[in-house]
Amino acid sequence: MTGQHTAPTVPAPSDAPPAISARGLSKRFGRVVAVSGLDLDVPAGTIFGLLGPNGAGKTTTIRILTGLAQPTAGSATVDGIPVGLDQTDLRRRIGYLDQDPRFYSWMRGRELLDLVGRLAGLAGPKLRSRLDEMLERVGLADAADRRIGGYSGGMRQRLGVAQALLGRPSVLFLDEPVSSLDPEGRRDLLELIGSLRGEMTVVLSTHVLADVERVCDRVAILDRGRLVIESGLEDLLTAHARPIYRLSPEPDQASVVDAFLDALRAASWVDSVAVARDGALAITVADPATAGASIVPLLAATGVRVQSLERSRPSLEEVFLALIGPRGADEVDGRGFVRPREVDA
Amino acid sequence: MAGFGPLLRKELLEAWRTLRLPIVAVVFLLVGFSSPLLARFTPQILKAVAGNQIPFVLPDPTTADAVDQLAKNLGQFGGLIAILLAMGAVATETERGTAAMILTKPAGRAAFLGAKLVAIGVTLAAGVAVATAGSWFYTLVLFGPLPPSGVAAAAVLQWLVFMAWASITFLASTITRSSLAAAGIGIVGFIGLGIAGALPTVERFVPTGLGRPARALSLGIAGPDPWTPAAATILLVAASVSLAWLAFRRQEL
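Protein sequence lines correspond, in order, to chains A and B.
Under our numbering, the first residue of the first sequence is numbered -12, with each subsequent residue one higher.
Under our numbering, the first residue of the second sequence is numbered 697, with each subsequent residue one higher.
Treat the hints as calculated values from the structure; they're not laboratory data.
No experiment lies behind these values; they were computed from the predicted model shown.
Don't be surprised by glycine CBs; every beta carbon is placed ideally from N, CA and C.
Check each hint, because a few of them may be wrong.
Stated by the list, open to error - Sample of chain A residues at the chain B side, in silico, Cβ under 7 Å:
#1 D26
#2 T53
#3 R79
#4 Q86
#5 R89
#6 Y91
#7 W93
#8 R97
#9 V103
#10 L106
#11 L109
#12 G111
#13 L114
#14 R115
#15 Y138
Unchecked claim - To list a few chain A residues with every Cβ distance to chain B over 12 Å, as calculated:
#16 R50
#17 A56
#18 Q57
#19 G71
#20 D73
#21 G82
#22 E98
#23 D101
#24 G108
#25 A110
#26 G147
#27 L153
#28 G219
#29 P230
#30 A280
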């Protein structure tokens, strides 16, 4: 795995052949660069999060890897099969859920799965039992004989998950899979994705970082078509997030808290301090080791009585924002989307 | 052709479920029924409307008039229906995103196109069959019998002509990815080849050149050789489908 930017890359945890391997993968639409020189190895059996803001190149990358789009340059393999537009062998190994899944509205849910199952080579009792299993698994058993045209957005999404999983793919691509689900459906789907760990490789594209933290083993962050970093989730959080100490002083001790704040601001191991309305302090530290040794003695020295003190686990969102960086006005279009990069033809 | 069977099943189910197949059958049946009726009663209708103002004697209608009427009506209605059936075959699926859903499954793009074309062929065949049967029956009632084997052979030739219009439109639907553009190109092909077929030197090499052999077969009389225009039409269909496949296999979805 090779990063395009300066951020360090944590090596993949396994020596087994990667489920997905991309080298120099690029895609241009005229002058717009959607994906630029992407090198990526996705270890087999992992749940892999593909992160990035809108326009980062996540969907284009997935479309190339699933054979729906052709790269302008570079190459990739999925489960050892070179990706290409009319590659039936590739499609025997993958499952795919589009971010806006489209189905035949005149069909019934069960009929669609029947078609997908037959295309995957299933027939007879095996097909019927697999259909029942998948309908049950995604919670559509009661709606299986209704026309898809009458399904809600969430039901279509769940049907999309079922059709993607039906052929027992080696690699499952899910492009923004929880975007149209309610909280309960979102929780269920994330649990379902989590249950696939080890059974198949799952590539999950999203910009909902909480979902990634919940289910992914590894993540790649894309920004304007370039890979910023690829790493194990825990390694990424450890390597890039500075810890935050959250402290709640007991009430009615303003003078000692002010003294404590002055001492903090003077300390070299403190990066910043934020004071909430309720008086709680969020202390972002620059030197975690020194902070760990110094914060309690400093409290004792200033005489602050404490209700609670905790060292917070850094969130992926903090890491993400630190790596992607704030957007300048010229980088964001009128709708709030990040402008894609343009190059001279 | 991986996945051809399930995809053809889906196409035929869609043709039935969306009423495409029943509607085409009913329209063709009406054309088949009405053609001998029009041939038989048009002189009487004209006499009733115009009275003695017609300055010539209208000849009594014959079986040949019934056959000609069917060929004219079916050729026009059927041609337009063939274009309507094919115009959105590929364009609609690529536009709606359902082609992308299917083509991430183990189904070849050739199978995807092949299933659609066969389903169009089946729909048109059903239409031509009911139109021919209806027309044959009313011709029998109003004029007299036509040779069943000749009528059946003529129906096959007529179906082949429709497949030519459908395949040109199908190619356009694949390349342009727009139903309207495909219909436009299909109609241009329909009219253009129709005009070209009026030239005696070209007639044998275009689909409309099958008209005179089909007429002779229906009436059980000697007529021009059907093999050359039939081969030319099959070649046109094969070329259109091959070009559609070559274009489609390179298309991003």
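A quick look at each hint next to the structure:
no., hint, result
1, D26, "22 Å, violated"
2, T53, "5 Å, holds"
3, R79, "4 Å, holds"
4, Q86, "10 Å, violated"
5, R89, "4 Å, holds"
6, Y91, "6 Å, holds"
7, W93, "5 Å, holds"
8, R97, "13 Å, violated"
9, V103, "6 Å, holds"
10, L106, "4 Å, holds"
11, L109, "10 Å, violated"
12, G111, "14 Å, violated"
13, L114, "11 Å, violated"
14, R115, "15 Å, violated"
15, Y138, "14 Å, violated"
16, R50, "8 Å, violated"
17, A56, "5 Å, violated"
18, Q57, "6 Å, violated"
19, G71, "10 Å, violated"
20, D73, "5 Å, violated"
21, G82, "8 Å, violated"
22, E98, "8 Å, violated"
23, D101, "8 Å, violated"
24, G108, "7 Å, violated"
25, A110, "10 Å, violated"
26, G147, "8 Å, violated"
27, L153, "9 Å, violated"
28, G219, "28 Å, holds"
29, P230, "43 Å, holds"
30, A280, "55 Å, holds"
Comparing the model with each numbered hint stated earlier shows that hints 1, 4, 8, 11, 12, 13, 14, 15, 16, 17, 18, 19, 20, 21, 22, 23, 24, 25, 26 and 27 do not hold.
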